[in-house]
Each structure stands twice: as C-alpha cells, then as structure tokens.
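Protein chains: 2
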Amino acid sequence: MALKVCKFGGTSLASAEQFRKVAQIALADSDRKIVVVSAPGKRNKPDTKVTDMLIAYAEAFLAGQGAEEVQASILERFAGIIEGLELPKDEYDTIARILTARGAGDRSHRARYIDSIKALGEEFSARLLAAFLRKEGHDFIYVDPKEAGLVLSDEPGNAQVLPESYDNLRPLRDSEHRIIFPGFYGYAASGNLVAFPRGGSDITGAILAAAVQADVYENFTDVDNVFAADPRIVDVPAAIHEMTYSEMRELSYAGFSVLHDEALQPAFNAKIPVHIRNTNNPESRGTLISLERNNDELPVVGVAGSSDFCAIFLSKYLMNREKGFGRRLLQIIEEAGLSYEHTPSGIDHISVIIKQSTLTPEIETLVLERIRSELQPDKLIVRRGIALIMIVGDGMTKQIGIAKRATGALADSQVNLEMINQGASENSIMFGIQNDDMNKAIVALHGAFFNKK
Amino acid sequence: MALKVCKFGGTSLASAEQFRKVAQIALADSDRKIVVVSAPGKRNKPDTKVTDMLIAYAEAFLAGQGAEEVQASILERFAGIIEGLELPKDEYDTIARILTARGAGDRSHRARYIDSIKALGEEFSARLLAAFLRKEGHDFIYVDPKEAGLVLSDEPGNAQVLPESYDNLRPLRDSEHRIIFPGFYGYAASGNLVAFPRGGSDITGAILAAAVQADVYENFTDVDNVFAADPRIVDVPAAIHEMTYSEMRELSYAGFSVLHDEALQPAFNAKIPVHIRNTNNPESRGTLISLERNNDELPVVGVAGSSDFCAIFLSKYLMNREKGFGRRLLQIIEEAGLSYEHTPSGIDHISVIIKQSTLTPEIETLVLERIRSELQPDKLIVRRGIALIMIVGDGMTKQIGIAKRATGALADSQVNLEMINQGASENSIMFGIQNDDMNKAIVALHGAFFNKK
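Here the protein sequences line up with chains A and B, keeping their order.
1 is the number of the first residue of the first sequence in full-length UniProt numbering; add one for each residue after it.
1 is the number of the first residue of the second sequence in full-length UniProt numbering; add one for each residue after it.
It is worth saying that the hints were derived from the structure and are not from the lab.
Since the structure is predicted, the reported quantities are computational estimates derived from the model, not experimental observations.
Glycine included, each C-beta is placed from N, C-alpha and C at the ideal position.
A few of these clues could be false.
[To be verified] List time: in silico SDA-like cross-link candidates among lysine to any residue, alpha-carbon distance up to 20 Å:
id	chain 1	residue 1	chain 2	residue 2
1	A	355	B	327
2	B	316	A	61
3	A	323	B	358
4	A	323	B	355
5	A	398	B	436
6	B	316	A	320
7	B	355	A	320
8	B	379	A	426
9	A	379	B	395
10	A	379	B	271
11	A	323	B	337
12	A	379	B	269
13	B	323	A	357
14	B	323	A	358
15	A	323	B	241
16	B	271	B	355
17	A	398	B	315
18	B	323	A	160
19	B	398	A	382
20	B	398	A	383
21	B	398	A	313
22	B	316	A	269
23	A	398	B	241
24	B	323	A	158
25	A	323	B	331
26	B	316	A	291
27	B	379	A	270
28	A	135	A	25
29	B	398	A	413
30	A	316	B	290
31	B	271	B	241
32	A	135	A	90
[Said to hold, decoys possible] Just so you have them, the derived chain B footprint on chain A, three or more residues with Cβ under 8 Å:
id	region
33	318–328
34	340–349
35	414–425
Construct the complete structure from the given sequences, taking the supplied hints into account.
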C-alpha cells in the first residue's frame with residue numbers, strides 16, 4: 001500500500017460544494033491518508049478569501065474599531081459551508097465561539113495576534129472537513145498541529161519549520177485513523193501559534209509528506225496541470241505533464257506563479273514526487289514534479305519572465321587586469337543591502353542586474369557615489385526597464401540548436417536582445433529585453449518550442 | 001599640412017630591399033614627418049630576428065661563453081643592409097664598435113644589461129635608415145630617445161611611459177628636419193636604457209603620435225589589412241577596412257594576434273586614428289582604426305577565439321538569497337592570486353571562468369577547499385577545455401537578429417554552445433564551447449557574417 005499526502009488549496013474549499021469534491025477525492029483512494037487543507041478561498045472573482053477577512057478582523061481589533069461586520073461575514077461563510085454539508089448547528093457554535101475568543105486575545109504583540117487569528121481559516125476548514133467525513137461514516141480525525149508537534153521558529157508571519165518537526169510528525173504514518181490537518185501554521189517552542197509565509201499550506205503538506213515519507217505529495221489546485229507559459233500571456237499554452245524539481249525552481253524564479261518552489265522544498269529535499277492536480281477535474285493527468293523526467297523529446301518545459309529589473313553598467317579600460325575589481329563592486333552592492341541577480345561581464349565592462357524596486361533613489365545615489373570614488377569607472381550608467389525571460393529545460397544546454405531556435409524566434413518577433421546568459425545554469429537560458437517586449441517575447445519563445453508544426 | 005607618424009615593423013626592415021621600400025614610402029608623402037623603426041626582422045621563415053640574435057649575444061656574455069659567433073651573425077645582417085643600401089664602410093664600423101662596447105658593458109644587473117643590448121637593433125635600423133635618406137639627399141635626422149626625452153619607468157624589459165615624455169617629445173612636431181626614431185626603448189630617469197615589453201616599437205610610435213598630436217599614426221606591417229578572422233583558421237577571411245578602438249580592443253582580447261591593442265593605447269587615448277598598412281603593398285587600402293566608423297552595414301567586424309579556459313562551477317540551493325555569496329567567492333579567487341574572465345550566474349549556480357594555465361593543481365586544491373568550507377556548495381566541479389569565441393562589432397547588440405545569425409551558424413555546424421554571454425559589452429557576444437570545436441565555430445561565425453550570399 002502506498003502512502004499519499006494530499007493538500008487542497010483555497011479554491012478547493014471555497015464552498016460546501018467544493019468540500020464535497022474534496023471529500024470525494026479523499027475517499028476515492030484509500031492511500032490518501034493525510035489531507036492538508038487551506039482556508040476557504042474565493043468562490044468567484046469578486047469574492048474575498050477567508051484569510052483576508054480574518055486579517056481584517058484582527059486589524060479592526062488592533063485599530064480599536066468595531067469588528068462586528070467582518071465577524072458576521074466570516075461566520076456567514078462558514079454557516080454556508082456547514083449548512084451545505086448538512087453538519088449539526090454545534091459546528092457553527094464552536095466556530096463562532098473560537099473566533100470570538102481569539103479576537104478578544106492578547107494584542108500586546110501585533111504580528112503574533114494577527115497570526116493567531118488568520119490561522120483560523122485553516123483550522124475551521126480542517127475541523128469541518130473531518131466532521132463531514134465522519135458524519136458520512138469514514139474514519140477521519142482532525143489533528144491539531146500543536147499536538148502533532150509541528151514546531152516552527154518563533155517568527156510570526158514568516159515562521160520556518162524546525163528539524164525536530166519531522167521526527168514529531170513521523171508517527172502520523174502509522175495512525176489508525178486517516179487525518180485531516182490544517183495548513184499554514186504551527187507552534188513555536190514557546191507555545192505561541194505562528195504562521196508560515198503566505199501560501200504556507202503548501203509548506204505544511206510538503207513537511208508532512210517528507211515526515212511520513214509519502215510515496216507522493218498530491219497538491220490539488222484549480223488547474224489541470226502546469227502550463228509551459230502564463231495563460232494570461234499565451235493564448236493556449238502547452239500542458240506540461242512532467243517536470244523536474246530543478247525545472248520547477250528555475251521557472252518559479254523566472255516569474256511562474258503556479259507554485260512557490262520554496263514551499264515545496266521539504267518534499268523536494270526528501271525526493272518525494274509532487275503531483276499537481278485539479279480538484280475540479282480529478283481525472284486530468286496533472287503535472288508530476290520529481291527528481292528526473294523521462295520525456296527526452298521536450299527540451300524546454302517552460303518559458304517565464306519578470307519585468308522591472310535594472311542594470312548598473314560600468315566600463316573601465318583594463319578592468320579585467322585589476323584584481324579584485326568585481327569583488328569590490330559586489331561588496332559595495334552588498335553593503336548597500338542590495339541583492340543582485342546576475343553580473344554579466346566583458347573585457348572592460350560589468351553590469352550588475354538588480355530588482356528595480358530595491359534600488360531606491362537614496363540607495364542609488366549612495367551606490368553610484370561609492371562606485372565612482374572607489375572604482376573610478378570610465379563610464380557608469382543605470383539602465384532601467386529590463387525584463388528577464390527564461391526558457392527552462394533540464395539538460396537543454398547540452399542539446400545543439402536550442403539557442404538558435406530561441407534567438408531566431410525572438411528576432412523574428414522583432415525583440416531586441418540586450419542580454420543573453422547561458423551556461424551559468426545547466427537548465428535555462430536567460431534573455432534580457434525591454435519591459436515592453438516581454439509578452440511578445442514569451443509568446444515567441446512558447447511558439448518556438450511548443451507549437452506543433 | 002597634416003602631420004603623420006609612421007612606424008615600420010621588423011619585416012619592413014628585414015633587408016636592404018625592405019629599407020628601400022620604407023624610404024620610398026617615407027618620401028612619398030611629405031606629411032610623414034616622424035618615422036619609427038623596429039629592428040630588422042625575419043627575411044623568410046627560417047630566418048632569425050636581429051632582436052633575438054642580440055638577446056643571444058647578451059646571454060652568451062652573461063653565461064661567460066664566447067659571443068664571437070653570434071656577434072659575427074649580427075654584423076653580417078647589418079653588413080648586408082649597409083652594402084645593399086650602398087652606405088659607406090664607416091656605418092659598419094660604427095655599428096661594430098657600439099655592439100662590442102655594449103657587450104663589454106656592466107653586467108651586474110642582468111635585465112638591465114640585456115635591455116641595453118637588445119635595443120641596439122632599433123638603434124641601428126634608425127641610424128642606417130637616416131643615413132640612407134641623407135645620402136639620397138633628403139633632410140632626415142636620427143633622433144636619440146634619450147635626447148628627445150622618452151622617459152620610462154625603471155622596469156627593464158617591461159618599462160612603461162612616464163607622463164612627462166609627452167611634453168618632452170612635443171617639440172619634435174616643429175623640428176626643422178624630418179625624423180627617424182628607434183622604437184622599443186627609452187630611458188629611465190636614472191639614465192639607464194630600458195626597453196618596452198616585446199612589440200614595443202608600436203608603443204614608441206603611439207607615444208610619438210600622441211605627443212606631437214599627429215593626424216594619423218600609420219602602422220606599416222606586412223599585411224594588407226586586418227582580417228575578420230585568423231587566416232590560419234578561415235581560408236579567405238574578409239578584409240576589414242575600418243574598425244573602432246573598442247572593436248580592436250575586444251578582438252585583441254579574444255585572441256586576435258594582428259595587433260596588441262595595449263601598444264596602441266597612447267594613440268587611442270589621444271584619439272589619433274591608427275592606419276594599419278602594408279609596406280610591401282602601400283597602395284592597398286589598409287585598415288583605419290578610429291573612435292567611430294561609418295560602415296553601418298557591417299554589424300560584425302571580426303571573430304576570434306582563445307582556447308584552454310576552465311570553469312569553476314558551483315551550485316547551491318537558494319544561493320541568490322545569500323547576500324555576499326558571489327563576493328565571497330570572488331574574494332577566494334582573488335586571494336589565490338587568480339584573475340577571472342567572467343562569472344556567469346543563474347539562480348542557484350555560478351561559474352568562474354579562468355585561464356586554465358593559471359589554475360595549477362596546488363591553487364586548485366586550495367581554492368576548492370576554501371570554497372567547500374566557506375561557501376558549502378551543494379555541487380562543486382571544475383570543467384576544463386573551454387574555448388571562448390567572440391564576435392565583435394560596435395552597437396551590434398542594438399541590432400535585432402545578430403544572436404540569431406550567430407547561434408544559427410553554430411548549430412548548423414554542430415557546435416554545442418555551453419555558454420553565451422551577451423550584454424555585458426555593447427560590442428561583443430561571447431560563446432563558450434569545447435576547445436575542439438573552436439576552429440569549426442570560427443569558420444561558421446565568419447561564414448555567417450561575411451560570406452556573400
């Protein structure tokens with residue numbers, strides 16, 4: 001018997017109808033022993049996520065304002081779910097009581113207080129799903145993260161898992177009952193509830209999958225699979241059914257928004273395959289993310305981009321003879337508190353690519369002044385409005401002709417290439433272009449590698 | 001009236017016949033006021049350059065061996081020239097006397113002694129050319145670098161010009177006579193003769209051109225023009241008639257051996273155009289190197305490559321989150337005394353490209369150990385046998401389609417691209433490939449940009 005950990009995102013639990021789909025999926029495969037749930041998400045575009053309502057609830061208290069209205073909205077969402085699932089009125093009372101009690105809690109530490117309230121969405125989801133499954137006659141229990149021993153660093157809103165959690169959680173593998181586990185939060189050693197960064201239910205699932213050494217971590221969302229490019233940019237992007245951890249990572253970095261690769265990292269580290277699936281279409285193949293993939297015929301699995309980078313460009317005659325030049329430049333960048341993405345360099349030139357938003361006018365003045373006085377470049381300019389596009393595919397740089405296809409497609413679409421960076425990574429090529437060309441470039445690159453001729 | 005400084009290389013003065021060509025060229029244009037000469041070079045492949053004979057002469061004395069044989073060879077070379085130019089026997093006697101006297105000079109400082117002798121080739125060339133022109137009835141004088149004030153740093157064999165030289169040499173502009181000036185050496189403030197690095201006659205000419213603010217610095221060699229690629233690699237490389245200083249510089253760096261860009265730097269700095277011409281074919285158009293070129297139709301002016309680089313490659317999860325990672329890596333490289341060429345980097349990867357010859361086994365062990373212990377990479381490997389190829393052309397990166405043509409040609413020639421670095425420099429794209437593919441790649445790139453369709 002295999003062991004599966006599955007996690008359902010916010011849209012998968014947005015309504016009673018969605019809860020029923022989740023229950024059906026959980027029941028369809030007895031290997032699905034541990035189910036991690038998010039807070040109810042949006043039922044439709046204009047809807048509000050429960051987590052956002054909970055944050056507003058906490059902030060109303062913190063601001064000393066009345067919280068009745070937002071409390072009513074929250075309870076209304078859960079009342080709808082409880083009613084739709086035909087659960088006893090007790091469940092509603094419990095939720096209302098906990099919500100009120102938390103709101104009246106200790107407000108001396110702002111972030112801690114917010115964490116204690118915003119985590120309730122997951123707790124309530126998990127309690128209601130467990131109650132529903134039990135009502136239907138199935139042996140599922142709600143497991144509290146504190147009792148299970150999910151110990152996190154004491155950083156409200158940005159907690160990190162502590163290593164002992166894996167040992168603490170391992171026994172869940174052998175639990176008599178199947179388990180419903182709330183995502184997004186755990187407890188610090190002090191006993192305080194602390195939340196992961198946003199999207200943290202993915203992290204909870206990944207940690208559980210690693211702890212119990214699951215055969216697969218099923219991550220249920222609202223898309224059939226990962227696409228080769230952003231559907232808001234490319235009309236009908238290709239479906240990707242297999243990709244590797246490293247491909248996922250490069251794509252996330254490049255602006256792919258389907259998944260946060262860091263959230264899945266605990267599963268990747270434990271070499272547990274992650275299967276992205278659709279709650280609303282559980283028959284679809286999904287996307288399996290694992291250490292290696294078989295599909296040799298797909299050199300590129302995705303194209304993604306981010307805009308608004310800038311380049312601090314400097315040139316100096318005989319720069320490459322000056323030992324320590326690059327190192328001193330990076331030291332200035334570092335001491336200004338900046339992170340950089342790349343440092344393409346030529347014989348007399350070097351650029352430092354950084355996120356435009358981090359180069360505030362004050363930091364820019366400071367950095368340029370230091371560069372001028374300490375490195376005495378012949379030329380020093382800041383170029384703005386750069387987008388970085390990446391094509392990603394394991395081993396692609398070992399295949400002849402990939403760069404040809406990519407640069408050919410970009411030239412044919414009249415995109416000027418300001419930068420190319422290939423070879424740093426084994427599984428991506430990066431192109432630097434003007435912001436305005438970004439969508440055109442992504443369409444062109446997707447066409448070059450995925451359009452059937 | 002324009003003012004020209006011209007310099008003739010070793011093959012231009014290899015024999016009496018060549019001296020006559022040089023005289024003819026000097027006389028053909030009265031603007032050629034200052035003529036800088038090298039020592040007689042090779043007359044044919046198996047021949048020996050006079051400078052090499054002079055070094056052997058000095059080393060024979062230093063080793064306490066007899067120098068008669070090599071002295072005889074040197075004097076025989078000059079005797080042939082004197083005879084061919086129908087100069088009086090006096091000239092030979094003067095040369096023989098100076099050569100003997102220098103050989104018997106102070107040997108307490110080895111490098112200084114070698115400099116004092118190896119510079120004689122240029123001195124003799126200049127004396128004989130001046131004597132020949134005067135004999136033919138023209139107003140040329142030999143000017144001694146010491147009297148003219150060519151003051152260099154006191155680094156035998158590797159002297160650098162000192163700034164006061166420019167002021168000292170400026171009056172040559174208004175000399176009543178036309179001037180023959182020996183290349184390759186000058187004097188330290190102490191009065192000692194010191195030589196430039198090898199190829200230093202180009203430097204002397206460039207300094208003089210800058211000092212007298214020449215309209216052009218004519219550099220006479222034995223080729224009709226600069227070629228777009230190495231003729232030993234590409235069968236019939238395209239002729240390049242115009243290029244810019246920065247193009248020249250990138251090409252020199254990339255392995256172009258026609259000229260040492262650093263030797264021409266004094267002229268470049270003073271914005272004096274450098275005209276490469278052929279002593280044996282003075283009618284040919286040559287190559288004009290200047291600040292800007294007009295030829296908008298030639299996006300690329302050259303293709304060159306160097307082999308035997310290696311890449312220290314490391315990967316580490318979340319590397320780009322670790323502030324100072326790149327800087328600390330470069331510090332390790334710097335503290336090991338290594339220079340690096342490029343540092344292509346990706347999200348979790350960085351490579352440092354260095355000349356393979358500088359990464360000795362001891363340095364490699366040291367560097368890898370420090371990287372391992374201080375940076376704790378997940379993966380650390382050294383890749384060897386990398387060739388770096390560059391295509392060079394001012395403003396090429398602003399033209400759409402250059403990368404397409406280049407990567408297309410490489411793919412069509414089955415060259416695998418391990419690295420591409422574009423955008424660091426405004427006028428080059430660098431490709432990293434396997435050593436073994438280097439010539440194939442240069443042929444392919446030359447074909448892509450210069451072959452007439």
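Taking the hints in turn, this is what the structure says about them:
1. With a C-alpha separation of about 18 Å, the suggested pair residue 355(A) and residue 327(B) falls inside the 20 Å cut-off, and the hint holds.
2. A threshold of 20 Å between alpha carbons decides the hint, and for residue 316(B) with residue 61(A) the separation of about 44 Å lies outside it, so the pair is violated.
3. For the suggested pair residue 323(A) and residue 358(B), the alpha carbons sit about 14 Å apart, so the restraint of at most 20 Å is met.
4. For the hint linking residue 323(A) to residue 355(B), the alpha-carbon distance of about 14 Å falls within 20 Å, and the restraint holds.
5. Between the alpha carbons of residue 398(A) and residue 436(B) the distance comes to roughly 15 Å, so the proposed pair stays at or under 20 Å and holds.
6. At most 20 Å may separate the alpha-carbon atoms for a hinted pair to count; residue 316(B) and residue 320(A) exceed this at roughly 26 Å.
7. About 12 Å separates the Cα atoms of residue 355(B) and residue 320(A), which keeps this hinted pair within 20 Å; it holds.
8. Using a Cα cut-off of 20 Å, the hinted pair residue 379(B) and residue 426(A) holds, with the two alpha carbons roughly 12 Å apart.
9. Between residue 379(A) and residue 395(B) the CA atoms are separated by roughly 16 Å; this keeps the pair inside 20 Å, and the hint holds.
10. Distance check on the hinted pair: residue 379(A) and residue 271(B) sit about 17 Å apart at the alpha-carbon level, within 20 Å; holds.
11. For the hint linking residue 323(A) to residue 337(B), the alpha-carbon distance of about 8 Å falls within 20 Å, and the restraint holds.
12. The suggested pairing of residue 379(A) with residue 269(B) holds, with an alpha-carbon distance near 15 Å, which does not exceed 20 Å.
13. The straight-line distance between the Cα atoms of residue 323(B) and residue 357(A) is roughly 17 Å, inside the 20 Å bound, and the hint therefore holds.
14. Among the hinted pairs, residue 323(B) with residue 358(A) is consistent with the structure: their alpha-carbon atoms are about 14 Å apart, no more than 20 Å.
15. Distance check on the hinted pair: residue 323(A) and residue 241(B) sit about 35 Å apart at the alpha-carbon level, beyond 20 Å; violated.
16. With a C-alpha separation of about 32 Å, the suggested pairing of residue 271(B) with residue 355(B) is violated against the 20 Å cut-off.
17. A threshold of 20 Å between alpha carbons decides the hint, and for residue 398(A) with residue 315(B) the separation of about 18 Å falls inside it, so the pair holds.
18. Under the criterion of a C-alpha separation no larger than 20 Å, the hint pairing residue 323(B) with residue 160(A) is consistent with the structure, at around 19 Å.
19. Pair hint residue 398(B) plus residue 382(A) holds up; C-alpha atoms about 17 Å apart against a cutoff of 20 Å.
20. Restraint check for residue 398(B) and residue 383(A): the C-alpha separation of about 14 Å stays at or below 20 Å, so the hint holds.
21. For the proposed pair residue 398(B) and residue 313(A), the alpha carbon gap of about 16 Å is at most 20 Å, so the pair holds.
22. For the hint pairing residue 316(B) with residue 269(A), the CA-to-CA distance comes to about 13 Å; that is within 20 Å, so the pair holds.
23. Taken as a hint, the residue 398(A) and residue 241(B) pair is broken in the structure, with Cα atoms around 38 Å apart against an allowance of 20 Å.
24. Distance restraint check for residue 323(B) and residue 158(A): the Cα-Cα separation of roughly 19 Å lies within the 20 Å cut-off, and the hinted pair is therefore satisfied.
25. Using a Cα cut-off of 20 Å, the hinted pair residue 323(A) and residue 331(B) holds, with the two alpha carbons roughly 10 Å apart.
26. A C-alpha spacing of about 16 Å is found between residue 316(B) and residue 291(A), which places the hinted pair at or below 20 Å, so the restraint holds.
27. The hinted pair formed by residue 379(B) and residue 270(A) meets the criterion: a straight-line CA distance of about 18 Å does not exceed 20 Å.
28. With a C-alpha separation of about 16 Å, the suggested pair residue 135(A) and residue 25(A) falls inside the 20 Å cut-off, and the hint holds.
29. For the hint pairing residue 398(B) with residue 413(A), the CA-to-CA distance comes to about 15 Å; that is within 20 Å, so the pair holds.
30. With a C-alpha separation of about 18 Å, the suggested pair residue 316(A) and residue 290(B) falls inside the 20 Å cut-off, and the hint holds.
31. A threshold of 20 Å between alpha carbons decides the hint, and for residue 271(B) with residue 241(B) the separation of about 18 Å falls inside it, so the pair holds.
32. Restraint check for residue 135(A) and residue 90(A): the C-alpha separation of about 13 Å stays at or below 20 Å, so the hint holds.
33. For the region 318–328 of chain A, the stated coverage by chain B holds: 7 residues have a C-beta nearer than 8 Å to a C-beta of that chain, and at least 3 were required.
34. Counting residues of the region 340–349 of chain A whose beta carbon lies closer than 8 Å to any beta carbon of chain B gives 10, which meets the minimum of three for the stated coverage.
35. With a threshold of 8 Å between beta carbons, the proposed coverage of the region 414–425 of chain A by chain B holds, since 12 of its residues qualify and at least three are required.
Hint compliance for this structure: hints 2, 6, 15, 16 and 23 are not met, and every other hint is.
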